[in-house]
Amino acid sequence: MTISREDIEKVAVLARIRVDDEQVSALEKDLGNILDLVDQLGAADTDSVEPMAHPLNAVQRLRADEVTETNQRESFQAIAPATENGLYLVPRVIE
Amino acid sequence: MQWDIVIGLEIHVQLATKTKIFSGSSTAYGAEPNTQANAVDLAMPGTLPVPNEQAFRYAVMFGLAVNADIERRSVFERKNYFYPDLPKGYQTTQLERPIVGPGFVDIELANGESKRVRIHHAHLEEDAGKSLHEDFHGMTGVDLNRAGTPLIEVVTEPDMTSSEEAVAFAKKLHGIVTSLGICDGDMSQGSMRFDVNISLKPKGSETLGTRTETKNLNSFRFMEQAIAHEVERQMDILEDGGSIVQETRLYNGDRDESRSMRTKEEANDYRYFPCPDLLPVEIDESFIEAARANLPELPDARKARFMDQYSLNDYDAGLLSSDSKLAAFFEEAASHAKDAKLVANWIQGEFSARLNAEEKTVADSPITGAQLGNLVVRIADNTISSAGAKKVFEALWSGENDNVDAIIDAKGLKQVSDTGALEAMVDEVLTGMPDQVAQYQNEEDPKKRKKMLGGFMGPLMKASKGQGNPKLFNEILVRKLGG
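The listed protein sequences correspond, in order, to chains H and Y. Residue numbers for the first sequence follow the numbering used here, beginning at 1 and rising by one. Residue numbers for the second sequence follow the numbering used here, beginning at 1 and rising by one.
Restraint-style ranges between C-beta atoms, simulated for each label pair:
id	chain 1	residue 1	chain 2	residue 2	range
1	Y	Asp106	H	Gly42	42 to 48 Å
2	H	Ala80	Y	Ala228	40 to 46 Å
3	H	Pro55	Y	Asp254	48 to 54 Å
4	H	Leu35	Y	Asn252	43 to 49 Å
5	Y	Glu289	H	Gly42	38 to 44 Å
6	Y	Ala28	H	Asp36	50 to 56 Å
7	Y	Ala304	H	Ala80	51 to 57 Å
8	Y	Gly181	H	Glu9	47 to 53 Å
9	Y	Asp106	H	Pro55	41 to 47 Å
10	Y	Glu239	H	Leu41	48 to 54 Å
The calculated BS3-like cross-link candidates involving lysine-lysine, where the alpha carbons are at most 25 Å apart (straight line), are:
id	chain 1	residue 1	chain 2	residue 2
11	Y	Lys171	Y	Lys115
12	H	Lys10	Y	Lys79
13	H	Lys10	Y	Lys88
Don't read these hints as lab results, they were simulated from the structure. Backbone N, C-alpha and C fix where the C-beta goes; we use that ideal spot for every residue, glycine too.
Assemble the whole structure, with the sequences as input and the hints as a guide.
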């Protein structure tokens, strides 16, 4: 299975990772190899196997609906690049 | 050309849990920004989500209330996208195995007919934070208090064919979730948000047209307007020979305008996959049966009971049973006043008009059901006239006084119903108006006579300082004037 340059560029945009042309060529080869491996797995007959959502054969423990967290805004905001009036500031989202 | 309108809804219902779906942070509304956003909500490295049992209980209750199958084993997926109010870079949601499977809700139409709207499924997910785009030196402010608040997203089949049906469904759903107590139903605070999928097809055609989705409508009125607006927009395009672009649109209710947010080509590729941080959740029969046993009365059952217990007609019962708070208000009032029909009339008349005028809900009403009940008692036993009752209502509403009888005394609104005293007043007034009396007695047309009778009422009310019982005055007048 091959992956196209367009696919790689699209995935890079979705993942917000900048890749230059040279890297795209390398990724084309590396990702292609990984997909080949997945293709080999795809050859196994899994008709009678139920899809698995999690590798652990266990079920989720649930928590009672009780407030256990306290306000720690100050300590969280101490490591934020920019805050104001209790808000985290980020580059402007809409023009 | 004639068109069929096809509408499907997606409704986000904020669950009234005390804490978030995956952390023990409070979900209380109105806190200072980011004071209810802890390490899990902020997606700090090394944190793990632990699901809230109550969110599952509420989702199961919802499923039971809409006649749906409950998925015994549900799985969470990650829906990946970038936005600053989503710190993890993905929303934890359910795609393949939602907790609530297919169900249905029956709605009542204006013509009295009932219509079934099918529910495709409902899933549990987390809400995002809020972005504030006011100017922070050219930056955007982010408040993550809402991040991680539990939601159920309800997805219907495209079974609605008009804005009236869509709004009727939305109101019905609102009545169900508030009656269940799983959502506070406060739309102004975003507790319920609607996305509307709309397409048109030539009348009678089997093939669906291309649809658009209008997002984030937070009132029934905006929803109705947005549908009307979008139907007209699509109709204009199609009748000009154009074609509809599959896209997501935003509607501005204040301006009655909509604009494209993104088209299908630009649509996000969400790259869903099962969340490795969460194991599958298994719900057993005892959990479901316990939820079923604790289901409160739902609007349909309440309506039937109102018709039976209070002898209300279909319309009154439907209106008063739809909202649990309004229903409780009615029942409190009716427990004081014996005349449930009169209580119903006052709630739908004066009471609703005042709430609407002041954009209030029943929960913010300055008067209690007991007060309205006591007011109706005094109308029913003829202590006050309906004009006097309006004055009492006004005094209760403004908070001038909270006791109905005290207001009646203080304002001198008690009607005089002593027939002897009233007869004396009628005699006196008629003696002073001989011309009008003669005119009345010479009139043959009963309609005109009835009208002329009104001419005597003014002076009579004046003579009694507004306290004479108008009904008794009328009876005495007719008798004295000779039919």
